[in-house]
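J.: Modelling step: build the complete structure from the supplied sequences, incorporating the hints.
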Amino acid sequence: MSMAVSSRTLKLRVSAKKSVADGVVVLDLEHPDGARLPDWTPGAHIDLMLPGGLIRQYSLCGDRWDACRYRVAVLREPEGRGGSAYVHDRLQVGDGVGVGGPRNNFPLVPSERYLFLAGGIGITPLLPMIHQAQLTGADWNLVYGGRSRGSMAFLDELAGYGPRVHVVPEDTRGRPDLQAWLGDVRDGVRVYCCGPAGLLDAVEAACAHWPTPTLRTERFAAAQQELPVRDAPFEVVLANSGTNVTVTPGTTVLEALRRVGVDVLSSCMEGVCGTCETTVLDGRVDHRDALLSHDERVTADRMFPCVSRACGDRLVLDL
Amino acid sequence: MTDAPATALRSAGTRLPVSALDPFDRDVLEDPLPLQAALRDAGPLVYLSTHDVYAMARYEQVYAALRDWQSFESGGGVGLSNFRTGKPWRSPSILLEADPPYHDAPRRVLAGLLGPHTQRRLRDKWRAAAADLVDELLAGHTGNSAEFDAVASLAEAFPLRAFPDAVGIPDSGRENLLPFSDFLFNAFGPRNDLVALGAPRARELSAWVNSHCQREALTEDGFGAQIWAAADRGELTPEQAPLVVRSLFAAGVDTTVHGLAALLHALATHPAQWQRLRAEPRLVRVAFDEAVRWASPVQTFFRTATGDIRVAGGVVPAGAKVLLLLGAANRDPRRWDAPDAFDLSRDPSGHLGFGFGLHQCVGQHIARLEAECLLTALAERVETIELAGPTRRRPNNTLRAWDSVPIRVRLAR
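As given, the protein sequences belong to chains A and B, one line each in that order.
Our numbering puts the first residue of the first sequence at 1, with every later residue one more than the last.
Our numbering puts the first residue of the second sequence at 1, with every later residue one more than the last.
The set of hints was computed from the structure by calculation and includes no laboratory data.
Any given hint could turn out to be false.
[Unchecked claim] Among the chain A residues that face chain B by a calculated CB cut under 7 Å, a handful are: (1) Gly150; (2) Thr217; (3) Gly274.
[Stated by the list, open to error] Not everything, but these chain B residues come out facing chain A in the computed CB check (under 8 Å): (4) Arg67; (5) Arg90; (6) Ser91; (7) Gly115; (8) Leu197.
[What the hints assert, rightly or not] Beyond 12 Å from chain A on every Cβ pair, some chain B residues (computed): (9) Asp52; (10) Ala64; (11) Phe83; (12) Gly86; (13) Pro88; (14) Ile94; (15) Leu137; (16) Ala139; (17) Ala231; (18) Glu239; (19) Ala251; (20) Ala279; (21) Glu290; (22) Thr306; (23) Leu358; (24) Gln364.
The C-beta atom is built at its ideal place from N, Cα and C for all residues, glycine as well.
T.: The structure is reproduced here in structure tokens:
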């Protein structure tokens with residue numbers, strides 16, 4: 001029975017691609033077998049592994065009750081390094097794409113009142129949060145700014161929420177009046193903001209007189225990481241037993257270890273539970289788990305071999 | 001245990017095997033293996049006429065159902081009683097008996113607190129505590145052998161010392177923890193004599209536990225205080241914090257006790273495996289998970305169908321309760337070679353003894369660390385372990401528990 005023990009290096013298939021606003025396409029991603037995808041929570045993102053070693057992070061903006069589909073929205077960034085251009089111009093329905101994560105650095109905390117502030121494509125992580133706020137019966141508002149209505153994605157979807165949504169296209173209405181929304185401190189309100197750096201800076205300044213746990217932001221531009229994506233085999237050296245094993249692109253480190261008779265206790269096979277934690281003695285790890293924080297990923301001397309891999313030719317493990 | 005083939009036409013015209021077997025029958029609780037086999041063999045989905053619920057006993061279906069929180073919710077209660085139609089006896093757990101989105105924040109806070117990194121922080125301290133405990137136990141004996149009850153002296157003693165310390169409660173009153181969770185796990189079953197037996201103290205024990213979930217009752221450095229700190233950061237509401245602390249007491253002690261008891265019983269009855277473990281100390285982690293697979297200290301949990309859910313050609317109708325037999329799945333020959341063997345050369349990865357998916361035991365790393373520390377201390381000091389008298393089960397509607405496992409150990413030179 002391979003069902004439980006075979007791991008899935010997530011290679012998903014583009015099942016739909018749709019232009020939803022000027023310069024914004026939405027991708028639906030599914031497992032080629034139609035299998036369940038790893039669970040996620042609002043605010044989570046996935047890594048898309050694009051050709052040329054580019055990794056781009058996109059917030060999940062679909063419905064977590066749909067276990068078999070991820071949805072991301074990609075803004076064309078003319079100044080970017082080609083990731084978004086590839087998604088816009090080359091990636092087609094039916095194509096495969098490597099996916100890492102999901103991870104969540106921008107979780108929604110429980111509250112009875114929320115203020116969501118979105119700038120442009122920064123609406124994406126807020127969409128599932130809004131859905132959830134609605135589900136729990138919270139009192140919420142969304143202020144959504146953008147250059148023009150034509151550039152703002154998901155307006156049709158948001159229209160269903162009625163007067164809680166405040167759409168502010170800059171060309172006709174100028175920038176959102178942050179003072180009006182944030183001038184008076186209101187007890188228990190949680191503020192979530194995602195968008196360009198200018199908006200985040202302005203919101204941070206406008207929130208300065210609020211109690212500290214009020215504001216949570218995600219700087220999606222700064223979150224890009226440039227890890228080399230390795231599409232070649234690498235060597236894993238087991239320090240204690242002196243064994244070496246080659247890990248090919250189609251297998252996980254865990255599977256490769258198992259093939260040479262080294263069982264590492266594991267469970268979820270999705271980089272979520274942490275059971276297979278293994279100490280790394282040498283080599284740089286391409287961390288793909290959902291457990292390590294951003295800082296830990298840089299410094300960690302451990303890895304989760306059910307999903308994580310090597311950046312270079314060689315990893316030495318304490319096994 | 002004969003199970004007359006019959007047909008239930010419960011919904012959507014599908015034909016389901018019906019079983020009149022009762023998973024909560026006293027004899028079954030004493031030895032659930034025959035019922036597990038019968039329900040596995042009856043089919044992937046079975047209707048249990050005694051309790052008007054559905055059941056899955058094969059690994060494939062239990063595994064899939066545990067992951068599929070969208071179809072099989074926990075918010076209807078993970079016991080037999082259905083919160084959608086009746087009132088729970090206590091306020092439901094905000095972890096075990098909650099679904100997204102309500103489950104998210106408590107889970108995230110606890111997962112962050114009890115993650116694999118915690119093992120590094122606690123390992124030295126718990127290794128020393130386990131060594132002390134075993135030394136104290138062996139010191140009272142003369143000659144090169146000692147006899148004691150593995151349940152009381154090790155399986156209960158160690159978690160009761162280590163875990164409440166880590167949570168941050170005082171020594172006094174800890175004797176309430178095991179009766180509290182024993183009742184809790186009984187209450188997931190039908191209102192039988194086991195529940196009646198625990199009922200008189202339920203209110204008092206709950207009150208004691210609740211009073212130790214408040215900020216003032218907790219030391220400044222424990223998990224409890226960290227949960228309150230998360231509330232201060234806004235990651236939980238102040239109302240949620242004590243309930244998250246409560247979940248540590250409810251799910252963190254008894255389960256580990258019976259996991260350790262299962263492990264010690266397994267090793268006492270499998271001398272060759274004990275010798276392997278002594279020769280290869282790195283097998284302690286495998287040994288614990290293999291014991292959790294083999295004995296499945298948590299035998300069953302219920303879910304509630306969120307709609308008419310298709311399972312292997314059958315249908316669980318909307319709102320129906322579904323019994324997931326973790327213990328049966330962990331012994332399913334369709335998944336495991338020689339499932340009834342306790343075998344340290346097996347890779348038990350993927351067992352369902354900690355559950356699976358969104359609600360998988362958030363404290364599993366803590367439990368593994370407790371087992372690692374206790375077993376290491378024992379293996380360093382003890383050459384052989386064997387039963388020293390008749391063992392006795394402690395019947396519980398959810399747990400497969402030992403009341404007494406008398407053992408004799410020969411000390412290592």
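J.: Of all the hints numbered above, which does this structure not satisfy? Sort the numbers upward.
T.: 1, 2, 5, 6, 8, 10, 14, 17, 18, 21, 22, 23 and 24
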